[in-house]
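S.K.: Sequence:
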Amino acid sequence: MTVDLSDTPAGRIARLDASLARRGQDATLRRRIGTSAAFVDVAIRVRLSGYQTADLPAGVQATDSRFISSPTPLLAAGAAWPGAAGGGVQPKLGDLLITEGRQRRIEQVDNIVVGEWVRIEGRIS
Numbered sequence: 175m176t177v178d179l180s181d182t183p184a185g186r187i188a189r190l191d192a193s194l195a196r197r198g199q200d201a202t203l204r205r206r207i208g209t210s211a212a213f214v215d216v217a218i219r220v221r222l223s224g225y226q227t228a229d230l231p232a233g234v235q236a237t238d239s240r241f242i243s244s245p246t247p248l249l250a251a252g253a254a255w256p257g258a259a260g261g262g263v264q265p266k267l268g269d270l271l272i273t274e275g276r277q278r279r280i281e282q283v284d285n286i287v288v289g290e291w292v293r294i295e296g297r298i299s
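Okay, so the sequence shown: first residue is 175 according to the numbering used here, each after it adds one.
Fair warning: there could be bad hints in the mix.
As the list claims (entries may be wrong) - Pair ranges (Cβ atoms, derived): (1) Ala192 - Gly275: 38 to 46 Å; (2) Arg189 - Gly262: 23 to 31 Å; (3) Asp200 - Val263: 14 to 22 Å; (4) Arg189 - Gly260: 28 to 36 Å; (5) Gly268 - Asp181: 33 to 41 Å; (6) Asp284 - Ala184: 27 to 35 Å; (7) Glu295 - Glu274: 16 to 24 Å; (8) Ala192 - Ala212: 31 to 39 Å; (9) Ala212 - Pro183: 31 to 39 Å; (10) Tyr225 - Leu267: 17 to 25 Å; (11) Ala211 - Ala188: 33 to 41 Å; (12) Ile207 - Gly275: 22 to 30 Å; (13) Pro183 - Ala211: 31 to 39 Å.
Keep in mind that the hints were calculated from the coordinates and are not lab data.
Source: prediction; values computed, not measured.
Glycine included, C-beta positions come from ideal geometry on N, C-alpha and C.
Please model the complete structure; the sequences and the hints are all you need to start from.
M.R.: Have a look at this one:
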């Protein structure tokens, strides 16, 4: 007998992970250790999309991008993330996202919880 996970947190995460595997891209989530020049990195998958110029909310630049990611690689990293940087496992403002050869700052992040942490959505500049 199989269990239908379609409407559970585990099902949501599994579908997101599968979608990111197919349509996402490799990225690195980076957090600074204190005020030093040292960082802690973790490899993740993200889906990036830009903003339409006509639809820009206040404070959002045309060069900003939206991102979607999964909590799976962050939770799987265990003590390695965030490691010495501290501050909890969920991405936060000021963390960096390295993708397409560019290091960009997380300006806004929503850690979506539906019973448990199931999705990460945010904006990078």
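S.K.: Would you say the C-beta atoms of Tyr225 and Leu267 sit inside 17 to 25 Å of each other?
M.R.: Since Tyr225 and Leu267 have Cβ atoms about 19 Å apart, the given range 17 to 25 Å holds.
S.K.: Take the C-beta atom of Arg189 and the C-beta atom of Gly262, compute their distance, and say whether it sits inside 23 to 31 Å.
M.R.: 25 Å Cβ-Cβ, so the 23 to 31 Å window holds.
S.K.: If you check the beta carbons of Ala192 and Gly275, does the distance land in 38 to 46 Å?
M.R.: Distance hint for Ala192, Gly275 is violated at roughly 26 Å.
S.K.: Gly268 and Asp181, beta-carbon distance inside 33 to 41 Å?
M.R.: holds (34 Å)
S.K.: Is it true that Ile207 and Gly275 lie within 22 to 30 Å of each other by Cβ?
M.R.: holds (23 Å)
S.K.: Evaluate the given range 14 to 22 Å for the C-beta pair formed by Asp200 and Val263.
M.R.: holds (20 Å)
S.K.: Honestly, do Glu295 and Glu274 meet the 16 to 24 Å range at C-beta?
M.R.: Given a distance of about 19 Å, which is inside 16 to 24 Å, the answer is holds.
S.K.: May I ask you to test the hint 31 to 39 Å on the CB atoms belonging to Ala212 and Pro183?
M.R.: Holds: the Cβ-Cβ distance is about 34 Å, inside 31 to 39 Å.
S.K.: Honestly, do Ala192 and Ala212 meet the 31 to 39 Å range at C-beta?
M.R.: Holds, at about 34 Å.
S.K.: Within 33 to 41 Å: is that where the Cβ-Cβ distance between Ala211 and Ala188 falls?
M.R.: holds (38 Å)
S.K.: Could you tell me whether the CB distance from Arg189 to Gly260 stays inside 28 to 36 Å?
M.R.: With Cβ atoms ~31 Å apart, the hint holds.
S.K.: Verify the CB-CB distance for Asp284 and Ala184 against the hinted window 27 to 35 Å.
M.R.: Given about 20 Å between the Cβ atoms, the range is violated.
When the structure is compared with the earlier hints, violations turn up for hints 1, 6 and for no others.
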